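**Q** Residue strings, one per chain:
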Amino acid sequence: MLRDAVILVLQADPDLHEAEPSFAARVKFQDAARRAIRDKRGETGLPTAEEAYNFFTFNFDPEPQERRSKGQTKTRSRRREGEDQEDELDQEEEEEEEETEMEREQEGEEESRDREDLFIIDQSAQDFLEVKKSEYIGYNRRVLREREILFTPSMRAVPASSKLPENVQPRYPEEEGLYVGERPPVTLSNQNILENRILKQDQGKKWFGDDGRIMALPDPIKESSSRPPLYHLEEELDPALQTVYRKSKYVNRYIAGVGDTQGDYQLDVDVSGLIFSHHPLFSREHVLGARLAQLYDQYLSRQHKNLTCLLTDKLNGLRNTIRNMLELHSGEGISHVTQHRIAEYKQEVRHTRQLRDSEQEKDRTLLKSIIKVWKELKALREFQGFTNTPYKLYIRKCEVQRALDEREQEAEILAEVAELKAESEEDYERKMSEYRRQLEEWKSWRRKQKALKKKQKKRRQQSQDVNEEEDEGEQSEEELGEEPVKPEAPEKPDIAGLEQQVREKACRIRRKPGEPVLVPELTASSPVTPNEQCPRGEFARREDAAKCSLFIKVLYNDKEVSRTDSRSLNADFRVHFGQIFNLKIVNWPESIKLQVIYESVSSFSSLLAEVCVPIPESSVLTGSAPSEELEFSSNQRVTFNHEGVGSDVPFSFAADGSNRQTLLTSGKLSCCVSWAVGDDDVPLAPPSSQSGADIGLRQMDAIACIGASGLNDMKRLGKWAAESRLDPNDPNNASIMQLLSVASGGEVAIPDYFRLEQLQEEFNFLSDEELQRSRRFRLLRLRSQEVAEFRHFKTIPATEREISEKVFEDYERRLKEGELVDTKEHIDAHRALVAKYLQKVRESVINRFLIAKHHYILSDLVVEEEVPKVQAEGTVLGLNLFKLAEPKRPLKPRRKERKKVTAQNLSDGDIKLLLNIIRGYDIPIRKPHTSKPAAAAKSARSYTETFTATASSQTALQGNDWPLGQPVIRPFVEVTFQRTVLQTSTAEGPNPCWNEELVLPFSAPNGDYSTSNLQAVRDEVFINIFDEVLHEVVEDERERGSTVHTRIERHWLGSIKIPFSTIYLQSRIDGTFKVATPPVLLGYSKEQSLGSEGGYDAIRSLSEGTFLTLFITIEPQLVPGDTIREKVTDMKPFFDTQEVERLLLACEIFEKDASQRFPDRPCLTTVVDINGKSVFITRFIRPLAPPKELLDAFPNNLQEATLVARYVSLIPFLPDSVSFAGICDLWSTCDQFLTLLAGDEEEHAVLLCNYFLSMGKKAWLIIGTAIPEGATAYVLTQEQNRYLIWNPSTGQYYGQYDTFCPLQTIGCLVNADNVWFNIQVYAAPMRMSFDVTKPKFWKPFFSRSFPDPGLSSVQPEELVYRRIDKAAAAELQDRCVNIDFPFMIPSFSLSLEFMEKIMEWRPRHPTRWNRYCTATLRQFLPKLELSGGREMAEEHRLELQSLLGDYRISGFPLHLPFSEIRPIIEAVYSTGVHNVETPNVEFALAVYVYPYPSNVLSVWVYIASLVRTR
Amino acid sequence: MTSNNPSVFLVMVNGQIESANFPEYDDLYCKYCFVYGHDWAPTSGLEEGISQITSKGRDSSQRLVWNFPLDITFKSTNPFGWPQIVVSVYGPDAFGNDVVRGYGAVHIPLTPGRHTRTIPMFVPESTSRLQKFTSWLMGRRPEYTDPKVVAQGEGREVTRVRSQGFVTLQFNIVTKDMKKLGYDTTSTEQVSPPQ
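Protein sequence lines, in the order shown, are assigned to chains A and B. For the first sequence, my numbering gives the first residue as 1, with consecutive numbering after it. For the second sequence, my numbering gives the first residue as 1511, with consecutive numbering after it.
Only chain B is shown next, with the shape it has when bound in the complex (with noise of 0.2 Å):
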């Protein structure tokens, strides 16, 4: 691996899904996947992973905290179909069944370092408004087949959807190799003086 010519570059993933901010509801719970290329290979860690149920602080923030870990690491050769992860929060209804509260996805970020990212929730519409009723009704409201959808931007237009939400995720991000492939992300602030 220390070769000074590698033929894969890594990204290291570690962080955490911090919290979420849904104002109307509670007792939420959520799911993460990983979505990434044909290049793209886990070598270690999670990649898929559920949380743990969180109810509301009593602050006045109202945020649904989970810190829930994340702690992965990719191989690729090539930086497209750069991993994206997929959160999906789950959540009962009024009635106690676990339904959908959103879908978001967000790509790793490229550089090294601590980031912070918030994604925008979204959950798609029931087609009619019967539909939205008896769904409502029975606590089976629409779900992506696949919550991989979301990371994807093929087939989207033939759905609608509604934001709710917030969820803020942490990264820190290690990568190896990528300059020694060619692959240059970093700022470039170390610019040698000619002699």
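Pulled out of the complex, with its shape left as it was, chain A reads as follows (with noise of 0.2 Å):
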């Protein structure tokens, strides 16, 4: 590349011009050379042809001359060098310098010319080597120098004048009106540099336009891209951008409907015939023929038509009414309006004239014009000499009588000339009242001309030296304006004249008085002259005809379907098919096509026409369908050489050529197409209904579907009518007029309203009706609106006839009844009430939540970190850090989290309950059952307590009941939980110790694990302590030596019950629970003074009662979902409130502090009511009155409030999580509560503490967590000077130092004034102080800075208790106890519940009743009841025993709140005494009923089992 540039410089080099031609050739060599070289190196190695070809063909230059120019370079530097040496002391340094530049060019070049002339010449030193001293230039002397050469361009604007020629305005071409683009922006300096740049140059003016401004094109950026923006993803296009090859399709027309069997459509398509109106093989007769025939079809169909007739009575008409109007008026009072009228008729009368004279001179010419054709034909046939058509025309004359008629035309005449000057005249007179007008007008302006004229004169005379005046007058003058055009008079109308035109006219148009009435006749009877007489050009035409065949064939959109046969062509050139083609067809009619085919000679067919037939109406059936005549015609060239005129050439009749015509191929093909008719006269039509738009058309446009456009024109068109005047007479309208008459009919009235879904119905796919009946519809409809029936409902069928009605048949009957009350459960009318009523409640509410259910916050969707708090528990963000960097200790133990598991990916067998079973604490121990009557029954409780020790030593050693070694008692704990029931190893002694671990499977119902149905499961979990008993059975007393018979027997000796809920919810519970025992259990006692293990029996004595210590938990660790308050909270902006906005402000802010503080201590401030409202906890505490029954019985206080307590305890427990799953706590107050009779801890608590409150204690409600229940709400009172934590659901009391109180923590007491949350260290009642007046313990909702503002309580002034109703309570009485006589009163039925289903649970085995018994149990369940349950059991089972000796008894009575029989029969269940299996055993069973007030019932279940000893 180098050497290019030095070549280069040197060719610029002008004193090198001499040397250049050879130099040229030579570099040319070189380049070529190079390149060839460069090709190898790149391509094959091989020099391409044109390459080759220059390098031998090129014309080489010698040497020598290269030499000559070498050595001519030489001397001439050496010369300038030389040169230079002398000038250098005074001549500028930069002359050298460009030298030194020059010189180092031509070293390089002589250089890479040395290295190819090497070869050539042998160089001596001195050619190569040159001695100079090194320069410098200083730098003031180079700028100096680059000051000539360099050049700044100044940035300053330059003066328009340097920018243009000399003495020249700058021209804008803008301001005059041209289009100039906008600029592209350019900087301002940026264009003053550029413009000073180019002035430097010469010539640089050029660059400037006449504005004094650079030229420049207009901006070419565009605003937007043109094209498409592409992004890319990697190198490749995105997968929606690429070009995808598809085969063109044919849109799917299926007709609706066309899949099932009944819809087939058939189309008949019947060709009748086809003729020529010209083929190329018609002679020229053949010509005429066809002409004479056409003209004779148009008379035909005039005649038909009858115009002229009509026209001409019309005008008659016309003309009578005018006439009788105006006689009627006489000429006189004629009204506006009847004059109007008449102007209207003339001017209908003037109209029909004109038309009809058109019609008539229309009928005349196309007479004149057959008869001319006719003449013409008889001329041909003379002139050929033969005949080649059938055709022949007959003239009939109809003579008229000429007297008659010269009357009638004269009258007409007349008429026409009366009438016709009657207009003119009438115009003449508009004419000259205009005319006068005009005249008027001109003449006042005369007038004011002339007196202008004369003032000025008068003037002029007055002064005549003022010329301004003049000047003035002439002004005035000119402003009257120009004089306007002198009107002419309209001429008279000429009358004479008139009539001569209308008998002119009537001579034209019309024949002549007296002249016959021509009537052509057009026959085909005259015979064709046979081919044997014809010339040889006739003749040829004839065979050529004779061979000629057509067919046509049939397309249904654009597809061939069929095709009729070959005709041959007839010699008049017709065609008849008669073909009938029967179409089924599936698509929709777009388009049938009927090509003509033609065969000729040579069986070459071709396409002669394609005739398009309109697809018929749905109406248009077969049989009534008319045929209709299509025109075709072809612009194919034909030519003959015989006799036929051929197509698209010119020919004449005339013998010398003159006139010369040019015909088209053209025919009329007559066809039919219809829809066909089915065999039971059904059309069989696509049901396109309504009006003929075109179906394909209608496929495509939803608004041509409903026919919109059609009715739009159909308004236009009456409108159109009424404003045209048509005629409704008149036979060419009839067809409009019809429709006109069917538009206003209704039948398709446009409505006047605005749709905006005006499609809407078009749209629906199904009437409503049948949405409604569709099972399927309806399964999926009810499924998306979780209806609770369907909501988990899968896989509903796709077709309607695989659901059955049954499965509506539950929600049906749920809907019509609400919840069918069953009334063996609930007892009395008034108990179905309320639970139907508590379901609507639950429904109302549970549709709200599935609505807020729907709402969805952060936290649901997104796990994420919390930011760690910086000042919380000082756990800072960099000691967690800092953490990072510790050293591992393995070793260390740490407490790990159990992974928790979210309950998505669940399935049966995957969740286990495991319950650890630690020990139990003073379980009751046997009692010795003694054989004997106790001779002091009175007396035996001191005896017992005596001698019990020896007693029972006593028994161990004489009877054979209790084999020798067999502890006091030998319990075990049995577990029974979804149907699995476990038990541990049996134990022994009073306090035992399992710690035995018990697994037991869950599995949720429908298989579905999400937490929502986990919270609704009401599993409970039942843990039982049973004694297990062995008895010896004594088969033989021979055997008693070596065999041992035992039978294990159990006796139930407490509960507890855990639901499954409070385990989900609390994830574990753990702890020392109280074992639900009856209050009397037949042969067995506490004995306290067998167990004297130190220490703890001093705690334990403070309470009674068995105990238990569990550990419950569920494997894997299940996530609960959100937990109720939690719920709560999120969802109360879905809540209605009556409070004011402030404070649930406030009550937001106090929850969140408290729960930011102390996580784990539940805190409550509203809560939500029964018509789910936010409510203020306050509200709920009211002092109220408590039955006066309960009052009355004790004087005692502590008595009376634990009597209140039990009436509060058994009122039904109903959770709320239960009954509304997982959705939130509902709050009822007492009167609500009282009603339903039903409801959990909360209710229980308010109750509670609302009676202690007017029975004048200091009672709060405490909200806080308690086991086994979880959140839950006690009640506090103070007494004297203790605190007493009462249980609302058992009726209990603890002090606040009891070991076994259930209360864990507590988070807030609430009383009517105030809401004190608990911001001590613990939360545990024992270690706690309950003094609210302290504020560093408790924190008040209402303090100084936000008072009470005095809240109205929601509860009633007092409750209204229904009273006792003893006749109901007997009667449940008798119905659940009546087994004394069981088969005797059979309506007591329900009555044997019980023992029906004792004898239910011991299927094999004979169940007796020990009627003794029960009456002796029966009579001591009152006392029970009136004791509370406490106190009787020595008493009474010393009565027992007393009676029934002989017997080993063992039983219990159980207490509970009535609601439902069906817990009680479960209670009873469980205890498990029915599965004494003991041969001889015998059962005893009494219930009691006690009522309380308001229809609280205390229900007594006494079961007990009797096995006679003896």
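Simulated from the structure, these hints should not be mistaken for lab results. Being a predicted model, the structure only gives us computed values, none of them experimental. Among the hints, erroneous ones may be present.
With the C-beta cut set under 7 Å, the calculated list includes, among others, these residues of chain B facing chain A [what the hints assert, rightly or not]:
1) His1548
2) Asp1549
3) Thr1587
4) Pro1634
Where a beta carbon is used, it is the ideal one built from N, C-alpha and C, also for glycine.
Once you've looked at the hints, go ahead and assemble the two chains, each given alone in its own frame, into the complex.
**A** Structure (structure tokens):
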């Protein structure tokens, strides 16, 4: 490259011009050679053909020349060097530099050339070497020198004068209105620099335009990109943008319903025939004949319409009307309206007359031309000497009575003349009046002018020297304006001329009076000259015509579906097919075409013409459809060398060849397309309905589908018809009038309203009724509404028939009756009502929550780490970071969080319930059984107490009931959960230690492990303690020594039940629980004397009862759904409220603060009442009086309180979390609670608290957590000096320091005035202070800064109790208890419930009932109720034993609140009394119902098993 | 099953999770699961799966190729709730913590044949800058409680997400009895000519 550059420089040097030619040649050669080398390197190594050619044909200049030039340069350079040396002293340094540059280049050149020349000439050393002194140019000198060459364009604006030629003003085309595009944006400074730079150049001014600015094209950049943007994903194109080859396809146009068998549609295409109006094989005569026939047809059709006659009649009618009107008014008193009408009629008359005249003229000319053509035809026949066509025209003359005719004509003419006269006179009148008006104007102008002139003259006479005035005058004259043209009077109409005109016209267009009426008649009766007599040309033509044949293809939707047979052409150029094609169609008809195919001699067929047949309307049916004639033509050019005239070929009739004309092949195809009619007279047309809009179009256009566009036209048509005064009698208008009458008849009336969704109905794929009726759609809809029965319905069948009506039965029944209340379970009507009401409330609340459930917050969807709180508990972020760097201590034990499992991936068997039964305390021990009746029954108590130990040892020795060595009790624990029963091993003693783990499988209902479903699980875990009793069965005394038969009996001692929902929500339950034991256990007693285990006894003695230490959890740990409380807070926005905004805000802040400081302490300020409204909690607290009966019973304060608590606890328990599955807690007021007779802890606690308040106690509501209920509400009362904690659902109370108090944490206290949140260190009742006045321990909600606004209570003033209904209780009792005579009183079959059940549970054994014992038990039950189930055991037992000395009795009374019978049965079952399998066992059962006010019932069931001991 | 009046239609899906394009991340693996409506039930095949860890290729495209096969057959009575595949991609962050790199879902193609789908992936954003920082530091990025969330529209308004990366899937679909039950998903090229 360098070499190239050098060569170029050399070439540019003017001194070397002489050496140029040779040099150029050399250069070329070098280039070629080099290119060849390069190519060689780059490509295959072979020179291209062109290069090779160049190489061999190039005329290389001889080398010597080269050398000469080289020598020249050398000498020249030497010379210059010398010069340089001379000049060095005085010349400027710059030149020198130039020189050196030059020299360097030359040297380079020389070098390069030397390399090549080396082989040619030996060079001397001095050619290569040169000695020179080093050169340096000082900075200043260089700057100076650079100033000569370099130039810094200024940034200042250039004056316009320097940019334009001298003495030229800048011209702005924009101002002259020329379009000047917007120049591309260039900063002004850059523009100035450019201008300055350009100006420095010579001819720089040519860059400037006329306006003194640099010429510039308009900005070429468009605002928006003209190419769609391509987003590249890597190198490849977005798949959406990739072009894909698809075969073009036919749009599906199935007729709806074709798939079904009934929908077959049939089109009948009837191709009857074909007539050519011109054919290439026509002879001249045929042409004329065809014309004649055509004219005759025209004549016939005109005759048929008979327009002339019609118009004449109309004219006469109109004339008569006018005459009548005029006569009626006899020229006077013509009202304006009448006048107007007459004018209109006259107008009409004129119009009609004109029409009639033109029609008459047409008739006349037609007749004339028919005759003319006939004459021509006759002439032609004569001329050619043969006849080709059978046409023959007869003209009949109808003679008319000349006189009559004349008179008529004359009258007609006269009438016309008269009319014309009147018209022209009218016209004249009008013109005259116009003229007069104009004339008047003109005259007035003249007058003014004259007056003005006079004035001027006067003025002129008065003062001639005032010139100005004259001017003024002139001016005023001018002001009058131009002289109006003098109107000319209109000419008088030429009446005589008029008549003349009329007569002339009549003569022209009508037959002359007396002239016969000519009626042409065309027949085809003329004989055709046979072939033999024809000349050769004609003969050939006829031959050709005979050979020629035609057929027709039928194309449906552009597809050939059938074709006719090939038929030859008749001599008269008609083809008769007469074929009918039945098309069974599945596609929408779009086009029906008939192709006329021409088959010539050589069986070469060609398409002659194509005819499109309109698709028939669905009302056009076969049989009634008229045949249509469709014209066709072809522009094919056909010539013959015989007589045939050909097509598209000029020919002439005249002998001299003048008057040439050209005809194209044309003809008429007569055919008929219609819809077929089925066997049962059903038209086989697709259901297109409505008007005849194009079906294909309708498929495309929804608007056309409704026919709206058609209707629009209709309206316009009606309007047009009214405006243009269509003659309703005119047969031409008949169809329009009919259409209009239909349109106005209301059948297709257009609505005047505007509808927004006008196509809605068209897009409904089903009618609403059908949608309602369809079981499948109904099922789908119910499911999407999340109706309880269908919420989890899987795979709704695809077809209707697979869904049975049964699916809806349950749902419908529920809808109809609410929940059908089973009278079996709900004893009286009131309870049924309550149940119904509860159901309704539940439903409405559930619906509300279903909506709320679909509201999500971020934490529902996204798991995100909380930002570590900087202050909270000192866990600074930095510390956490520091922890990362801590050394690992693998041996240091650490508590690991159990992995939590979200409920989604679970299936049956994955979840297990773990139960750790650790130990029990104070389990009742067996009582020694004395077979003898006690001597002193009354004093038995003291007796037994003193002698128990001895007695037991005695019996152990003497009786065979208690085998030796058997301990006082052998308890074991049995756990029942979801039909799984597991039991521990048997331990011994009243304080056993099992320490066993039981694993129970859990399966969720329906296999649905969603949190909402798990929360709704109603199953309970029953933990029962049994005593295992071994009996030796003595079969044979002799075997006693060798064989031991024992029978195991188990005796129920007590139970605990824990709902699964509690375990699920708490995730683990750990603690010691009180076992619910019956007040009396026959055969057992609590013996404290036996256990003296030291310190623990002291605590235990404080409370009575049996206890069990348990640990329950679920494995794997399930993530509990949002706890009830959270959900409530989330949902608060969804609840209405009547509280003021400020209070709610304060609540929110209070609760938020509380949950932040003590997340484990529940805090409640607002609750949701039964109407779903948020209510502040203190509104629920209000002193309410308990029923009088309770207060009267005991004078003692505490006893009174326990009775009240007992009353409250007897109200049935119904946890909200179960009924309102996982949704929230609802609080009902006390009256609602008592009406419903169902509620959970809160309701019980509120009621109890209100009772205590009314009894004058200091009482609070405790919001806290307890075991096993979880979050719950208790009641706190302050007795003289101590606090008592009441469990409202059991009616028991605990002291503050009671070890076994189930209450674990206390979150807040509530009373009528305030809410206090526990901010003490500890939350357990034992370790805290209940003094709410201390702000250090309790944070009040209402404080000085936010005082109590005085909230009214939601509770009623007082509670109204229903009177004790003894009768109802008795009835219930009877129904349950009448087992004495079960077979005698069948109506009491319900009362057999228990008995039947027990018998049912013992299917393999007979069940006997001991009536005597039952009676005794029944007597005992009221006593139990009175005493509240305490301290009666011993007495009772002794009493029993005295009665049934021979029996070993085990049994117990169960005490339950009454809600339904089912839970009582469950409870009885769980005790397992029925499991006694001793053959001689007898049973006893007694039921006692004690009524309390407001239908609160206390139910006692005493059940016992008796075994005869001997 | 060969009766003329079928009560269910079958959709057989096989294919593979071919590759992913996460320009910033490496060593990723993916999980997939299907989300479908009440009327759908898988008859055979795996509903869920977890792939191997793959590293970026050395070529310029830097794709992460899994070629993780899918093969499942659904039966259904109702096209409502047409199955969607939910793909979630995980991989280690700078500290080696396993974090989520993207969620995405796409409906299984409706028409029989071979289909390629490219799903844009996204991850939920932290709610605040501070949380973003701490989550980056601790390697505990926000994740969906359930990846199936991305296949449903309900509740999405509360989340903020950021897009990153693409996953390419390939499906081969075979259906059975759809047309017999009146669901026509194929194009109608075979128009029978009228007689």
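**Q** Work down the list of hints and note, for each, if the structure agrees.
**A** Cross-check of the supplied hints:
1. His1548: 6 Å, holds
2. Asp1549: 5 Å, holds
3. Thr1587: 4 Å, holds
4. Pro1634: Nearest chain A Cβ about 5 Å off; hint holds.
In the structure shown, no violation is registered for any of the earlier numbered hints.
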